[in-house]
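Student: These protein sequence lines are chains A and B, in that order. Residues -14 to 237 (this note's numbering) are what the first sequence spells out, left to right. Residues 561 to 1067 (this note's numbering) are what the second sequence spells out, left to right.
Since the hints were made in silico from the structure, they are not lab data. For every residue, glycine included, the Cβ atom is placed at its ideal position computed from N, Cα and C. You may find that some hints are simply not true.
The list that follows gives simulated cross-link-like pairs (lysine to any residue, SDA-like), each with its CA atoms no further than 20 Å apart [unchecked claim]:
| id | chain 1 | residue 1 | chain 2 | residue 2 |
| --- | --- | --- | --- | --- |
| 1 | B | 623 | A | 11 |
| 2 | B | 623 | A | 222 |
| 3 | B | 616 | A | 19 |
| 4 | B | 681 | A | 127 |
| 5 | A | 33 | B | 940 |
| 6 | B | 681 | A | 196 |
Covered stretches of chain B, going by a simulated chain A footprint (3 or more residues, C-beta under 8 Å) [what the hints assert, rightly or not]:
| id | region |
| --- | --- |
| 7 | 651 to 659 |
| 8 | 664 to 678 |
| 9 | 706 to 714 |
| 10 | 746 to 754 |
| 11 | 929 to 937 |
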Amino acid sequence: MSFLSTAYALLFYVATLILFAGLTMRIIKYARTPAPLKIPTMPAPLTKAGVALRIGREVVFFQSLFRSQKWTWLFGWMFHLALLLAFFRHLRYSMSPDNILWPLVSLEVVQTFGKYAGFAMVAGLLGLLARRIFVDRVRYVSAPSDYLMLLLLLGIAFSGLSMSFVAHTDIVQLKAFVMGLIYFDWQELPASAPLIIHLTLVALLMIIFPISKLLHAPGIFFSPTRNQVDDARERRHLAPWAAALDSTRGNR
Amino acid sequence: MADFETPELTDEIVVPHIQEGAMEGSGPFIAKPEHQEPLGFPGELVENWQEKAIDKMGELLGKYRSFQVFLDICVKCGACTDKCHYFLSTSDPKNMPVGRQDTLRSVYRRYFTVAGKLFPKLVGARDLTKEVLDEWYNYFHQCSQCRRCSVFCPYGIDTAEISMAAREILDSVGVGQKYCNEIIAKVFKIGNNLGLPEPALRDTLEDLEEEIYEDTGVKVRLPLDEKGADILLITPSADFFAEPHIDGLMGYAKVFHEAGVSWTISSYASEAANFGMFIGSYENMQKVAMRIREAALDLGVKRIVHGECGHAWRVAYSFWNTLAGPWDFLDPNYPVPQHICEFTWDLIQQGKLKFDKSENDHRVVTFHDSCNVARATRMGDKPGGQFEIPRNVIKAVCNNYVDMEEETIRDATYCCGGGGGLLTDDLIELRVKGAMPRMHALNKVMEEDGVTNMAAICAICKSQFTKVLPYYKMPMDMIVSVHQLVSDAIILTGQNEEGGEEAEEEA
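Kindly generate the complete structure, drawing on both the sequences and the hints.
Tutor: Next comes the structure, spelled out in C-alpha cells:
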C-alpha cells in the first residue's frame, strides 16, 4: 500500500466518524432541548400529518424560500437537486452489484442525470456566489466561511466534472479502494490529481458538516416554527422545566 | 416636529442600499433599579456582567430549542434581508433580520461553537465586549418581534425568538428597558399596564354605560367584578381610556348585551397585555398570565373572551394553556380563550345580531392584520381564520371594504412599527420610520379606492397609528377598532330609532 492510499483511507475513516458522530450528537442536542412554548408560524397545520406535509414541502421544494426570493430559490434549489442526483450516481462506487439497490443505482437515467447534474450544480453555486458578492445586503452578512463554503462545493463540482468530461480517472480502481474501505480490505487509490483534489475536498466537507451552517440540513426538522401543530387551545403543551414551575406559580 | 425625516411614500417600496450605522444609538431609556427589581432582575449592570451574560446565554440554549437551532442553522442566504419594516425604512443592515441575529450569533459562535473558538475571524465570531452589549440593547430594541422574517426564512428562523432571548440576557445582567419593565411592575402592583385602580376603572365603565344609554336609549351594562357571571372579558387596559380603543370596548358590550349573556371585567386582571413576552421572561409572563386564572376562579366564570389586542392574543391563544392552564374548570364547549371576533362572528352566523350597515356608509374600510394575530395565532377552527373572521365581521357591518396589497396583508402583513415593547416616545423616530411599509400600502388604497378608515384588532397598533399617521399627513382618527364598526352599525333591541337626542330628552 502506498503512503497516499493509507493516508486517504485513514482520512476517510476519520471524516466519516466526525460526520456521523458529530451529526448524531447535534441531533440528540436538538431533540433533547425542550421547546417550552407553542410558536408555529401561522397559519400552521392542525394535525401531525399536516406538519409532515409542511416540512416535506420545505425540504423538497423550499416553499418559503420560493415565496421569499425567486433567484435565491432558483440557484439554491438547482444546487441541492443536482447534489442529490450526483449523490445517487456516486452510490455505484460504493456498492457491489448484488446490493438490492444496484438495479436502481445502475439505471442509465440515474447515471446520466447524475453526470450532467454537475453542470447544474456549478450553475447554482455560481449564482449563489454572485448574489453573495454583488447584493450588498447579502455581502454584509457574509463571513469568510460563507464564501469558502461555496468555493469548497465548487471545487468538488469542478474536480468531479473534470473526471467525467476531461481526464478520466481509473474508476475501477477507485471503486476497489472504496469497497476496500467498507470491507476493511484496503486497496490502492489511483493517484490522479483531480481525484485527490475531489476526495480531499469531500473529506473536508464531511469534517466541517457538523460544526458549520451545514447543520441546516438536520436543523430544519427541529425548527419549532415549522414543526409544531397548531393546537395550543386544545392540548396543554408543557416542557419538563416549565412543568416544574407549575408547582411554584401560585397556590392555584 | 422632530429631528428626523419621515420617509416619503413612493410608488413602490424600494429595497434600500445598506447604510451602516444609520440607526446606531443608545437605544430606549434604560430601566432604573425600581423598574428592575420587582421583576427579579438586578437593578443595574452587574460587575461580572460578561460572565453572567454568557452563562445566561448557555442557560437559554438549554431551555429553548428555538434559540439553539436558530443560532446554528442560518446559512446567510439573504432571503430575510428585505423583509423587515425597520430595515426597509432605515437602511441599517443591523435591522435586517439576519443582521440583527448576527449581533448575537457572532457571540454565540465565539463561546459555544468549535469553529468560533478556533477560528473566530473565519466564521464571524467575536468576543462579548461592552460595545457589543450596548449594540444588543440598541438593536434588539429595534425589533418588534412581528415574525415577518420567520415566514420567509427557508428554515423558519424567527428573529423574535432571538430578540426575546437577547432581552432576557440583558435583563439578567441589569440592563432592562424602562418602558416594558416599568409596565410589568405596574401589572403586579395594580393589575394593568396603566396603573388604573379599581375605583377609576369602575367610574370609567359607568361613564361608558351612560354614553351608550344616551346614544341608544338602551341600558347596556359594563359590569366589573361580578361574581357568577358566565364570561370573563380580558381586554387590554387601553380599551378603558384610549381612542379608538374605547369605542371598541363599547362594541363588545353591545354584542354581549344582544347575545344576552352575563359577563364581567375583572379589576384584578384588568389587562390582556402581557409584556413578559416582549422581554422573553417566561417567569414574568407566567406571573402576569396567572392573574387571569386567579380572576377566573375567584369570579367563578365559565368562559373567557379576549378583547382586541395582538401580542396579548398571542399569549392567550398560544401560551395561556401552558402558562396558566389547564382550564378544566371552564365550560369545555367553548374554546379557551375565545377571541371577541370569534364570539361576534358566531352570533352573526346564527343571525342573532341586527345591523344597519348604512351607519358605516360614510366609511371605506380596509383592515390591518396585526402581526401577532396573523402569524402567531388562529381564530375559528380552520388555519387562516385569523384573517377571515375579522374581515367577515367588518363586511357584515360595513358596505365598503377593500383589502390592501396582497404582499402587505395576512401572514405577509407589515407590523405597525410599534409592537414588541417599542410603543414608547423615546423610540418615536424608529416608530415613525417602521410604519412606512404599512403607510405605503394604506396610502395606495386611499388614493386608488378612496379608503377612509383602517380597522385593527390590536391596542398597540391602534395607539401606534394614532401617533404616526399625522407624520404621514393622514388623519389620526382614521384608525378604528373593528368593534367600533360593529358598535356603530349594531341595532340594539328596543333602541331609539332616532338614536341620541330623544334618549337624552327622556333622561
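Student: Next step is simple, just say for each hint if it's right about the structure.
Tutor: Hint-by-hint comparison with the structure:
{"no.": "1", "hint": "B/623 to A/11", "verdict": "15 Å, holds"}
{"no.": "2", "hint": "B/623 to A/222", "verdict": "15 Å, holds"}
{"no.": "3", "hint": "B/616 to A/19", "verdict": "16 Å, holds"}
{"no.": "4", "hint": "B/681 to A/127", "verdict": "12 Å, holds"}
{"no.": "5", "hint": "A/33 to B/940", "verdict": "19 Å, holds"}
{"no.": "6", "hint": "B/681 to A/196", "verdict": "15 Å, holds"}
{"no.": "7", "hint": "651 to 659", "verdict": "holds (count 4)"}
{"no.": "8", "hint": "664 to 678", "verdict": "holds (count 3)"}
{"no.": "9", "hint": "706 to 714", "verdict": "holds (count 6)"}
{"no.": "10", "hint": "746 to 754", "verdict": "violated (count 0)"}
{"no.": "11", "hint": "929 to 937", "verdict": "holds (count 4)"}
Figure legend: structure checked against the earlier numbered hints; the only hint not met is number 10.
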